[in-house]
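> As numbered in the working numbering, residues 24 to 164 make up the sequence shown, in order.
Derived by calculation from the structure, the hints in this document are not laboratory data. These numbers were taken from a predicted model, which means no experiment stands behind them.
Label pairs and their calculated CB-CB ranges: (1) 32 <-> 142: 18 to 24 Å; (2) 142 <-> 63: 26 to 32 Å; (3) 64 <-> 157: 15 to 21 Å; (4) 45 <-> 110: 19 to 25 Å; (5) 41 <-> 93: 29 to 35 Å; (6) 72 <-> 124: 25 to 31 Å.
In this text, a Cβ means the ideal position worked out from N, Cα and C, and glycines have one as well.
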Amino acid sequence: MMNALPGDGWSNPYVGLAWQRFGRGRDGVDCWGLAVLVYREILGIALADHLEVPIEGGMAEAVDAIAAADPWRRVETPRAFDVAVFRMGALRRHVGIVAGGGRMLHVADGELSSLAPLDGVRWRHRLLGYCRHAALMEAAR
24 MMNALPGDGW SNPYVGLAWQ RFGRGRDGVD CWGLAVLVYR EILGIALADH
74 LEVPIEGGMA EAVDAIAAAD PWRRVETPRA FDVAVFRMGA LRRHVGIVAG
124 GGRMLHVADG ELSSLAPLDG VRWRHRLLGY CRHAALMEAA R
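Construct the complete structure from the given sequences, taking the supplied hints into account.
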């Protein structure tokens with residue numbers, strides 16, 4: 024893992040990636056695949072393809088369990104590289120990566136990855152909370 028976290032500009036190379044169901048690379052990503060790609064390329068942390076939690080009906084069903092699963096911890100005050108977890112309808116979930124400045128890097132179904140305000144109209148009422156990877160908790164000490 025990197026000793027120092029990059030500044031706010033780290034997200035720029037990840038803006039404009041195509042959405043692809045179960046995508047895990049630069050040729051296409053889903054919301055969790057974008058986190059997998061960013062963590063691997065920037066932080067040197069290999070994330071599990073599906074959060075290593077029981078999955079029923081796809082990864083979206085399990086995202087709310089992220090805070091209870093190693094190596095994740097729920098946090099109240101987000102910082103860069105934390106994962107923001109959102110409700111999307113009754114059962115679906117969505118994740119974004121906190122990019123700083125009140126924004127997140129994310130990709131939604133059928134769209135290109137982009138930066139969006141965490142407190143924007145589309146997201147603020149859907150936010151369930153933030154999770155931080157245990158390796159990033161240790162790095163902050």
